[in-house]
Amino acid sequence: MNNVLVYCELSEKNQIADIALELCTKGRQLATRLGCRLQAAVLGSGVKAAAESLYPYGVDDVFVADDPRLAPYRTLPHFDVLSKLIQAQQPQIVLFGASSVGRDLAPRIASFLRCGLTADCTSLEIGSHEDPKTKKTYENILYQIRPAFGGNIIATIVCPETRPQMATVREGVMKKEVFDPAYKGTIIPVAVEASLAAADKAVEILSREIEEQKIDIKGAQIIVAGGYGMGSKENFQLLHQFARLIGASVGATRAAVDAGFCEGERQIGQTGVTVRPKLYIACGISGAVQHRAGMEQSAKIISINTDPDAPINAIADYTIIGDVMTVIPQFMACYKNNLK
Amino acid sequence: MSYRIVVLAKQVPDTHNVGADAMNADGTVNRAALPTVFNPEDLKALEMALQVKDQVPGSTVTVVTMGPPRAAEIIKDARNRGADDGFVLSDARFAGADTLATSYALSQAIRQLGPVDLIFGGRQAIDGDTAQVGPQVAEKLDIPQVTYAEELVAIDAKTITIRRRLERGTECVKATMPVLVTVTSAADDCRFPNAHRMIRLAKDEVRMINADSIDADMDRLGLKGSPTKVKQIENVVLAHKESVVLEPTEAALNELTASLIKEHIL
Chain A
0 MNNVLVYCEL
10 SEKNQIADIA
20 LELCTKGRQL
30 ATRLGCRLQA
40 AVLGSGVKAA
50 AESLYPYGVD
60 DVFVADDPRL
70 APYRTLPHFD
80 VLSKLIQAQQ
90 PQIVLFGASS
100 VGRDLAPRIA
110 SFLRCGLTAD
120 CTSLEIGSHE
130 DPKTKKTYEN
140 ILYQIRPAFG
150 GNIIATIVCP
160 ETRPQMATVR
170 EGVMKKEVFD
180 PAYKGTIIPV
190 AVEASLAAAD
200 KAVEILSREI
210 EEQKIDIKGA
220 QIIVAGGYGM
230 GSKENFQLLH
240 QFARLIGASV
250 GATRAAVDAG
260 FCEGERQIGQ
270 TGVTVRPKLY
280 IACGISGAVQ
290 HRAGMEQSAK
300 IISINTDPDA
310 PINAIADYTI
320 IGDVMTVIPQ
330 FMACYKNNLK
Chain B
0 MSYRIVVLAK
10 QVPDTHNVGA
20 DAMNADGTVN
30 RAALPTVFNP
40 EDLKALEMAL
50 QVKDQVPGST
60 VTVVTMGPPR
70 AAEIIKDARN
80 RGADDGFVLS
90 DARFAGADTL
100 ATSYALSQAI
110 RQLGPVDLIF
120 GGRQAIDGDT
130 AQVGPQVAEK
140 LDIPQVTYAE
150 ELVAIDAKTI
160 TIRRRLERGT
170 ECVKATMPVL
180 VTVTSAADDC
190 RFPNAHRMIR
200 LAKDEVRMIN
210 ADSIDADMDR
220 LGLKGSPTKV
230 KQIENVVLAH
240 KESVVLEPTE
250 AALNELTASL
260 IKEHIL
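Protein chains in written order, with numbering that gives the first Met the number 0: chain A, 0 to 339; chain B, 0 to 265.
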């Protein structure tokens, strides 16, 4: 049967990574819609507990490849095991995280299988597709939806003729939700010996340096985010002061990160993190669609911008028209006064 | 000992300067309407290739790109910066290619060069951000890949050692050649064009290669060889909220902060 398969990457603690749980949540919806099984692939070493932790997310079958040569992640061992598994199982859909692992592995798999792959999807749906030239209709096709080029369009990509249909999704874009705490799936061991004999030699990991996560804006309740309109790295310091005062985390647009105003870990949007804080204060942000994709689910949005027509204002609850370098200190002063 | 090195590069629309005519009706990019630049991470890849050449004199660096004839501009730029030669895969039959068809064309072109030791490319291009072509070329050539490279650590007779970015941290890996390496923006900036080279190479034409000269299966090229189809393009309709517009007066900001505090949002 042609099922939905999620490649589940592991965290440094050998647990299922959040992105994989988010994909399983989405995968469960797709599998239910398609009337097929949700399957997961867990490749690593000592991963039985991690594999079983997937059941509450509605996973029916967990393919487990357990071998020391599969951890830490290296491209070719995972490629060899997963590509053989996909060839044997013939899933109709395969989902990967758009992480440094998923973005390394998925394209190599897609190339091998000669199938399509859409990167950084912000939405996945099932629907029909009629080929504009042949008028042939395809039912139950995966709509791979993502903002595209330049930022002012949303593209729906389909792969009508090739299987599996593959997509990557950034962490935080989909919601992670337990489907049923009592859900029971099955572990299906995968034989790896034949795959790993040759693949093991090509690339050797000499050392790894895992950094403590210094910046994590994903879980922040309040976010103060700066765009290119902040003007400089020095001006960006004001956002840090502002954030310290009101107990917020500092985020940024891609333009601000590219301009060197702050660290890449702070980037919010389609190619950064997706956030859902209770308050989002957008400072000098025009509001490209890629940025909005990462923050528009914030409960309340305040925009501070000199441009009354900035696209971000259209999704803001409050728009303060003015220069960030003037308005933010004013805002801070008023906040302090009102706390007294 | 010397190496045969290929750099994969792309001339990309400058996404900071996008106009309304940037897209064609069929959902492909209207490249003619846009100013172009050398894809930034491909320049970093070129620098890493040139660093290998610095360390191992006698090595050659060939830059390969696919695109319209004007993509020759980046080949010239790369030569001025130190690449030995390069060519453009340019043919209407390549047009409309997604990453799968692109990687097929590039890999066939690389095969025509004979044995290659190292292939460098940017991790991703700024017009699509897919990061797919590098790993796909590696698969098609059946060689290992090292993605997200930040630093060339060492090179010896048969291996290259690279520091690469992980989700949380970095790792140092040693790969046996031939290998394909994709390079991120954290790697060293590319050296500037050299004035002597610019003068010396100014009149050297850039080779154009068409689909007939790469021993390709025509069904695997261009739009025809691309499994991904654009079903629909929608202009973004902003979820429109009734935004309360405030002038930055003390009274207005006072009221706003007071109400946010009262609602336990601040």
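There could be a bad hint or two in this list.
[Said to hold, decoys possible] With a straight-line Cα cutoff of 25 Å, these simulated PhoX-like cross-link-like pairs (lysine-lysine) come out: (1) A/K277 - B/K173; (2) A/K299 - B/K261; (3) B/K261 - A/K200.
[Stated by the list, open to error] Taking CB as the label site, the calculated pair distances span: (4) B/Q231 - A/G218: 47 to 55 Å; (5) A/I214 - B/D13: 46 to 54 Å; (6) A/K277 - B/T158: 50 to 58 Å; (7) A/G246 - B/V244: 23 to 31 Å; (8) B/P192 - A/G45: 51 to 59 Å; (9) A/E203 - B/V243: 57 to 65 Å; (10) B/G57 - A/G218: 26 to 34 Å; (11) A/G263 - B/A31: 31 to 39 Å; (12) A/I214 - B/K240: 24 to 32 Å; (13) A/E208 - B/D53: 22 to 30 Å; (14) B/D13 - A/Y137: 32 to 40 Å; (15) B/T158 - A/P67: 41 to 49 Å; (16) B/N209 - A/N139: 35 to 43 Å; (17) B/V243 - A/P67: 28 to 36 Å.
Don't read these hints as lab results, they were simulated from the structure.
Nothing here was measured: the structure is a model prediction, and the numbers come from that model.
C-beta atoms are modelled at their ideal positions from N, C-alpha and C, and glycine is treated no differently.
Evaluation of the provided hints:
| no. | hint | result |
| --- | --- | --- |
| 1 | A/K277 - B/K173 | violated (45 Å) |
| 2 | A/K299 - B/K261 | holds (14 Å) |
| 3 | B/K261 - A/K200 | violated (62 Å) |
| 4 | B/Q231 - A/G218: 47 to 55 Å | violated (34 Å) |
| 5 | A/I214 - B/D13: 46 to 54 Å | violated (29 Å) |
| 6 | A/K277 - B/T158: 50 to 58 Å | holds (51 Å) |
| 7 | A/G246 - B/V244: 23 to 31 Å | holds (26 Å) |
| 8 | B/P192 - A/G45: 51 to 59 Å | holds (52 Å) |
| 9 | A/E203 - B/V243: 57 to 65 Å | holds (59 Å) |
| 10 | B/G57 - A/G218: 26 to 34 Å | violated (53 Å) |
| 11 | A/G263 - B/A31: 31 to 39 Å | holds (32 Å) |
| 12 | A/I214 - B/K240: 24 to 32 Å | holds (29 Å) |
| 13 | A/E208 - B/D53: 22 to 30 Å | holds (26 Å) |
| 14 | B/D13 - A/Y137: 32 to 40 Å | holds (36 Å) |
| 15 | B/T158 - A/P67: 41 to 49 Å | violated (22 Å) |
| 16 | B/N209 - A/N139: 35 to 43 Å | holds (40 Å) |
| 17 | B/V243 - A/P67: 28 to 36 Å | violated (59 Å) |
Of the numbered hints listed earlier, those contradicted by the structure are 1, 3, 4, 5, 10, 15 and 17.
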